[in-house]
Amino acid sequence: MDLTTTYMGMKLKHPIVASSSPLSGSVAGVKRLEDAGASAVVLFSLFEEQLKHDSAALEYLMNAGTESFAESLSYLPEIDDYTVGPDTYLDLLRRSSEAVDIPVIGSLNGITNSGWIEYAQLMQQAGAKGIELNIYYIPADLTTSGRAVEERYIEIVKAVKASVTIPVAVKLSPFFSAIGSMTKALDDAGADALVLFNRFYQPDFDLEKLEVAPNLNLSTADEIRLPLLWIAVLYGKLRASLGATRGVHTPIEIVKYLMAGADAVMTTSALLKNGVDYLTTLRNGLQAWMEMNQYQSVAQMKGSMSQQNVADPTAFERANYIKTLESYKGDYI
Amino acid sequence: MTERQVTTIDGNEAAAYVAYRVNEVCTIYPITPSSTMAELADQWASEGVKNIWGSIPLVMEMQSEGGAAGAAHGALQTGSLTTTFTASQGLMLMIPNMYKIAGELTSAVFHVAARSLATQGLSIFGDHQDVMAVRATGFCLLASASVQEAHDMALIAQAATLEARVPFIHFFDGFRTSHEVNKLTLLADDEIRAMIRDDLVLAHRARALNPDRPFIRGTAQNPDVYFQSRETVNPFYARVPGIVQAAMDKFAGITGRQYNLFDYFGDPLAERVIILMGSGAETACETAEYLNQHGERVGVIQVHLYQPLSASHFLATLPASVKSIAVIERTKEPGTSGEPMYLEVVNTLVEAQTAGTLPGATMPRIIGGRYGLSSKEFTPAMCKAVFDELSKERPKNHFTVGINDDVMHTSLEVDASFIIESDKVVRAMFYGLGADGTVGANKNSIKIIGDDPEFYAQGYFVYDSKKSGSQTVSHLRFGPDPIRAPYLVQSANFIGCHQFNFLDRGDVLKNATPGAVFLLNTSPHEPEEGWDRLPRPVQEEIIAKKLKVYGINAEKVALDNGMGTRINTIMQTCFFAISGVLPRDKAIEKIKYSIKKSYTRKGEEVVRKNFEAVDNTLINLREIKVPDRATSTRELPLVVSANAPEFVQNVTAMMMAGRGDELPVSALPVDGTYPSATTQWEKRNISTFVPIWEPDICIQCGNCSMVCPHGVIRSKFYNEASLETAPKAFKTAPIDARGFPDIRYTLQVYLEDCTGCGLCVEVCPAKSKEQSGHKAINMALKEPVLENERANIGFFETLPEIDRGRVDFSTVRGVQFLPPLFEFSGACAGCGETPYVKLLSQLFGDRLLVANATGCSSIYGGNLPTTPWAVNSEGRGPAWSNSLFEDNAEFGLGFRLTADKHLEYARELLKALAGRIGEELVDDLLNAEQITEIDIRRQRGRMAELKLRLREIDDPRAAQLLAVADQLVRRSVWIVGGDGWAYDIGSSGVDHVLASGRDVNILVMDTEVYSNTGGQMSKSTPMGAVAKFAAAGKQGGKKDVALQAISYGNVYVARIAMGANPQQALLAFREAEAYDGPSLILAYSHCIAHGINMQRGLDQQHLAVECGHWPLFRYNPAVRESNENPFVLDSGRPKIPLKKYAYNEVRYKVLVHTNPAEAERLMEMAQQGINRRWSVYEDMAARDGGTFVPKFK
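From first to last, the protein sequence lines are chains W and B.
Under the numbering used here, the letters of the first sequence match residues 1 to 333, in that order.
Under the numbering used here, the letters of the second sequence match residues 1 to 1193, in that order.
None of these hints come from the bench; they were simulated from the model.
We put the beta carbon where it would ideally sit given N, CA and C, even for glycine.
Please note that the accuracy of each hint is not assured.
What the hints assert, rightly or not - Ranges of calculated distance between the beta carbons of each label pair, as one might list FRET restraints:
| id | chain 1 | residue 1 | chain 2 | residue 2 | range |
| --- | --- | --- | --- | --- | --- |
| 1 | B | Ser632 | W | Gly146 | 51 to 61 Å |
| 2 | W | Gln50 | B | Asn719 | 50 to 60 Å |
| 3 | W | Asp222 | B | Arg1172 | 41 to 51 Å |
| 4 | B | Gly1132 | W | Gln50 | 24 to 34 Å |
Unchecked claim - Chain W is nowhere near these chain B residues, computed Cβ spacing over 10 Å in every case:
| id | residue |
| --- | --- |
| 5 | Ser80 |
| 6 | Gly702 |
| 7 | Pro727 |
| 8 | Ala737 |
| 9 | Asp955 |
| 10 | Arg957 |
| 11 | Val1152 |
| 12 | His1153 |
Given these sequences and hints, build the entire structure.
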C-alpha cells in the first residue's frame, strides 16, 4: 500500500497534514502531531497585524503614566530586551523544524507588502520547508473592486515568490466571482500549492451584550462540499499542488478529497475535537478504506472523481444543481 | 592609560554604578528619591552585570528599611561587602541597626539621596534633615554636590570605610542631585579596582562570624565595662579624616579629579566666606566666582566630610583673611541654638581661639542660616544675599534665605534680578503634560546632545502633585563647558509650551529672556490661528520681550502619524529645528538615530511611525508673526472661583498657580492643619472627552456613579416642581420607581473635574435599542457642552441633598444618592483604588476617621495644594490624617482608643449630670441603638439637644462633656492603605491591631505592587508578574493575608473587587463597619502599574475573579453566634485559566516576550497555586459552622 503523495514539491508519507491551528503553538505540540502521524505540519499563523498591534500596545502600556509624578517616574522595570517582533514565532519554527522529521510549513498572514516579504524571508531562514500564505482580507470598503482584490492576491504571491526559494502555498477564500480564473492567475504567479478553502473569521452577534462577538466554530463534515467541488474542477488543470481543507472529520472525507484530486488533505477541527491522536485514526482509516476497496496507492485514487475523469463532467457544473433539486423530490413522489 | 568614558546619567545612577560594583550584597527597599539606586542594582543583577570581583551581587528586597538595615547588618557581620540605598523615613528606620553597625566597627557605606523628614507634613523632596538625624549613630557623613561627585564619592567612601572600619553615609541632595541628569566621566572598572584594597576586604571577611573560629559579638554589657567599651572606638574615628583625605588623594592620582575634606573656592584673601555642603555648594562657588570677577573678595568652603569634622583640615582651609563666615544648612532643628554644622564650626573656631590656632589674627564673626528645605530653590541671588549679609555690621544670625519669614523676620532680602546664567549656555524650559511624553523626549535630547563631545548637558524635571493630567516643567541647559548650576533655569532663551491651555494656568513666559524663542503647541488650533487664540497678557508679554514665536498643531501631526496623544517626538523635533543647539540637519539625523536605537526592538513599525512624525513635523512647523500690539481681548481666567473660601483664595490658589514660593511664613498653618474639600475649586479640565448622560436610555442603576474614581458622577431625586428654575439644557428623567409620579431623577456629570477615564461607560449596562454600542452614558467632546453643563451643575447643586435616612444603603442603586465626601482627586485617570475610598466616604463619611498609610492614597488624599476629602451640607465629613508608612495600623488604633475612652468618659459624665440634663434624654443617649442610618440621625438629634442643655449648665463637668460629647455618635474608624503597607512594612502592626479585638476597620487597596514609588514588588505581588525588584517575574506566591486574619476567629475578613461584584463590595463595607470588632477588607485595585488600559480596569477585576486569582468571600464572625458557617464564598469556581486574565496585563505579558519558557513555568505554577487555594476556600465554605473558632464574647 503506497500512501505517499507529493505536495508543494515535497514528498509526504501520506496525504494527511495538520493544518494551521493552536495545536502547533509549541515545539512539544508539533512533536505530538508528528508522533500522532501527521505527514507535515502547517504552523499556526504569524499575523503581521497582531505583531504590529502587540508592539504598539507594549510600547504604549510600558510608558503609560510615566514621567508624570515625581515619586513614580515609571511603573514597570526597565526592560529593553523584550521581543515583540516575529522572533518568538521564528524561534518556534526553527526549533520545531529541528525537532521533527516531517516538513514544517510556516503560515503567514501579512498586511503590508514589506511584511509579507520580510516575514517570508525570515521563515525561510528559520528553516521552514514551505510557506502557506494565509491571505485574509475582507474588502469591506465599498469602493474596492473585485479586480483590485484579485490583483492584491496576485501581487502578494509574486512578491513572496520573488523573495524566497522554498515552495509557497496560498490558502484561498472561496469568495471570488471566478474561482477558476483566480486559481489560474495564482498558478501563473508562481504559487506552488493552492489550499481550498480558508474558514476565516465571520463575526457573530452576542445578543446578551448587544455586541459584535468574535467567534470561530469548528468545521463540520458537510463543509467539504465547496472545496470538493473546486478541487475536482481544478484537478489536472494547474501546475500547483492542491491542498484540501475544511470538514475532514472521518477517513471518508479524506478519500473524497483525494478522489477529487487533492494532493494533501488538511485537518484541524477533528483534532481539536478528538485530540491529536485522532490523526492515527484518520491515517489508519484511510488505509483500511483503501484496502477494503482494493486501492493500491494514493496516486491511483487521486483525481479519480475529478471533473476531467468522471463520466459526466457537467455533473460539477449546472447539472449538479439540477440533480440536487431532482433528488430532493424523493423516490415515491 | 584608562580610556575615559563620558556619559549622561542622573545622580542616583552615578552613585549606584559604583556601589553595585564594590559590594556583594545589596539589601533594598523602595523610598523616594533613592528608589532608583535600588532598582538599578536589581536590574543589573538580573542582567548579570558583575562587580569588580567578577561576581553578580546578590540583591534582596526587604519588608522595610528597618529590615534592609537588619539584613545588611547580618550580611556585614558574616563578612559580605554590603550596601543599601535609602532616604528620609527609611534612614530613620535604619537608626537602631546603624548604631550596631558602627558600634561593631563595621566597614559599610549606605548611599542616601537626602530628603526632608515628615514633620508638619511629608515631603519627598531634598534636604539634609535625614542625614543630620543620624549624626549620633557613629556613621561618618560624606557629602556629594553633583552627579559627578555622587559617582566619585561613592568610591572614596567605600575605600575609606574598608580602611577606617567606620561605616559611612554617602549622601547627595535628593532630587536636585539624585534626579539631575548631567554629563560625567564614568569610572572604569580598573579605576574602581585600584581604589579598593583586597587586603582590607580580606580583613573585613576575617572579622566575620565563622563557626570555624567562633566568637560572640553583640553581648549585653553591665555598668562596669559599657562606658569604657564605648570609648574604645575613639582612635578609629580619629583616623577617619586622614584616611578619607588619603583616599581622595589616591583617587586624584588615578582619575585626575582632586577632592578634599574641605574644598575652598574663591579669592585666597577673601574676607567673607560661606560654608555649606551638598548641591548648594556648586551654586555658591559659581556665585563667588562671578562676584570676585566683579571686584568682590569672597570665598566658599564646600564640606565633603562633615562628620567627623576635622578641625585641623578645616582651619587649614579657612583663609586667614576671613572676617565673617556664614554656615548655611539645608536642614532645620527646631529649638536648638543653631543648626548642627553651624554649631560645629562655632565650636571648632572657639576651640581654635582657645588653643591659639586660629588661621587669622582675630576670631571671625560666624552666623548660621537655613536654605533650601524640601528642594526649595537655592539660587545665585540667594547666595549673594548671604554674602551681602556678611558685609553688614550686624548681620542676622539664624537667618533663612529663599523664603519670606514675616513672623520672626529671619529671612534675608533677595534681589531676584541677580541672574548669572552664562550666554554661552542654551537654557531651555519645556512645559508639558505627564502623558504627552515631554520629559522622556527631553531626557532623550540631553543624551543626544550630551553624547556630542563638544557639548555638556544638564536636565532637571519638576512635576506637580497630581498623578493624572499633571504638568511637568523640564529645565535643560546645553553648553560648551561643564554645567554647574543646580537650580532651575532662571532666564530661558528657549521656552516650549506643549499644551496650549497651560497659557491660561500660569505665567509660562515668566522666565523667558528678551529675544528668546517660544515654541507653542497650538493644538487644537492650527498654528495660523495661534496668535489670535492667546490671552491678552500672554500676547503683551511676547511683544514686550520680543520673543520669536513658532507654532505647530502637534496633536494633529501625532494623530495623523498614528502616535495617539504622544506629541513628544514632534515637539522634540521642533526644538532641534529652531533652537540652534545643533545644526538642523545634524540634529534631525541624531533624532532619527536615537529613535532607531530606542525603538528597533519594539518593532520596525514603531520606528517608521516616529521617522514619519519627524518628517511631517518639519513640514508643519510654522513661524507665527507677532504684531506690534496685542490683539486679543481674552483675559486670563481666575485661578479659583470668587466663591472659594478666604484660605483657598489666599493660600491654596497661590500654590495652584505655581506661586507657592511667594507665600510668606504667616500665610501657612503652624501645625500642618489644612481645610477639607478643596479639590472642588480646581476645575482642572484635564480631559477633552467626558461622559454625557442619556436620560432616555438610563435605568438609574447607579453603577457609573459607584465606579467613578473621581467622584464626578452625582445623582439626585427631587420633586418636579424644583425644575421651574432649571436651565433649559438641564437633563432630567422620571425616577425609575413606581408610585412616585412627581419625582424626577438627574445624573449630573461634573465635566470640569472629569479625567476622561471612561470607566463609567464601560460599566453602564443600559444600551440603546436603535444604535448598538450607544449606552446611557457615552464619552463625547467636552467643549460643545461645557457652557450648558456649567449652568446645569450650578442648578444641580441647588437641589436639596437627599436625606440620608431615606437612602437605601444596601444597594448600589441607593448608594448613588449619597454624596461622595471624597471627590475630584488627582489619582491616575481610572484609578482602581479611589472608588473604594469614595464609597467609604459616602457610607460613613459624616462620622468617619481615616488613618491613611503613606502611599498613593495619602498622596491623592493629602498632597497639597488640595484635598479631595470633602464636607457635607451639614459641615460634617471625614477627618483624615497620615502618620507614616509603617505605623498606620497602630495610628488608626489610636483613633479607636480615643473614641473608646472618650465615649466611656462621656457616658460617665452623662450619668453624673443626668439630673440636670434630664433623665429621659440621658437614658435615650446612653441606650440608643446605632446600627442603621436612621438610628444615627436620631442620635444626632439627641446630641443637638444635649449640647443646648449643656450650655445652660453651670458646672465644669458640662464643659468637659461638651468636649467629648460628639463621641456619643458612633465613630467609624478606618485604617486605609495599600499592599506595600499591609503586606510588608506595616504587616506586624496590621497583625497586632487585628489581634487587639478593637472596633477598627482596615481597608487594604491591593494593587499588588508599591504603586506610589513606581511599581516595586511587595509580598502581594502574584507569582509570574514582573515588577521592579522582580524583573524576571515574581518567583514566590502572593501572601494570603485573609487566611492569616481569619485564623484569629474574631476578625471580619472580606475579599472584594468592585469591578466583579459591586453589590458584594458594598455588603462587605457595611458588614465590616457594623461588626463590633476588627475588620479587614482586601480590595482588588487595578493599577496603572499593571500595564493595562485603565479603561478596562473593571473588566480585569472581573477576570481576576473569574479565573480564581481573586476569589470573593466574606468571613463574618458575627454569624458564629448562630453557629453557622461564617465563611461565605461569593464567587464561583474558576471558569477561565489564569492566563486569560493575566496576559491582558503587561506585567505578566512582558515575561512572555523576554523569557517565554520562564513565563510558561511560572504561569503553570501560579495556576496550580490558584487551584490549590480554591480547594482550601471551597472546603472552608462547605464546612460545618461548628468547626470554626467560636464567637468570642
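Do the hints match the structure? See the list:
1. Between serine 632 of chain B and glycine 146 of chain W the Cβ separation comes to about 56 Å, which falls inside the hinted range of 51 to 61 Å.
2. At roughly 56 Å, the beta carbons of glutamine 50 of chain W and asparagine 719 of chain B sit within the given window of 50 to 60 Å.
3. Distance hint for aspartate 222 of chain W and arginine 1172 of chain B: a CB-CB separation of about 45 Å, consistent with the stated range 41 to 51 Å.
4. As the Cβ distance of glycine 1132 of chain B to glutamine 50 of chain W is approximately 32 Å, the hint placing it in 24 to 34 Å holds.
5. Residue-level check passed: serine 80 of chain B sits 25 Å from the nearest beta carbon of chain W, beyond 10 Å.
6. Once the 10 Å rule is applied to beta carbons, glycine 702 of chain B is consistent with being away from chain W; the minimum gap is 20 Å.
7. Look at proline 727 of chain B: its CB is around 33 Å from the nearest CB on chain W, clear of 10 Å, so calling it non-interface holds up.
8. In this structure alanine 737 of chain B is separated from chain W by more than 10 Å, as the shortest Cβ-Cβ distance comes to about 25 Å.
9. No Cβ of chain W approaches the Cβ of aspartate 955 of chain B within 10 Å, the least distance being about 52 Å, so the stated non-interface status holds.
10. In this structure arginine 957 of chain B is separated from chain W by more than 10 Å, as the shortest Cβ-Cβ distance comes to about 49 Å.
11. The beta carbon of valine 1152 of chain B is not kept farther than 10 Å from every beta carbon of chain W, the shortest such distance being approximately 8 Å.
12. With a minimum CB-CB distance of about 4 Å to chain W, histidine 1153 of chain B fails to clear the 10 Å threshold, and the non-interface call is violated.
Hints 11 and 12 from the earlier list are contradicted by this structure; the remaining hints agree with it.
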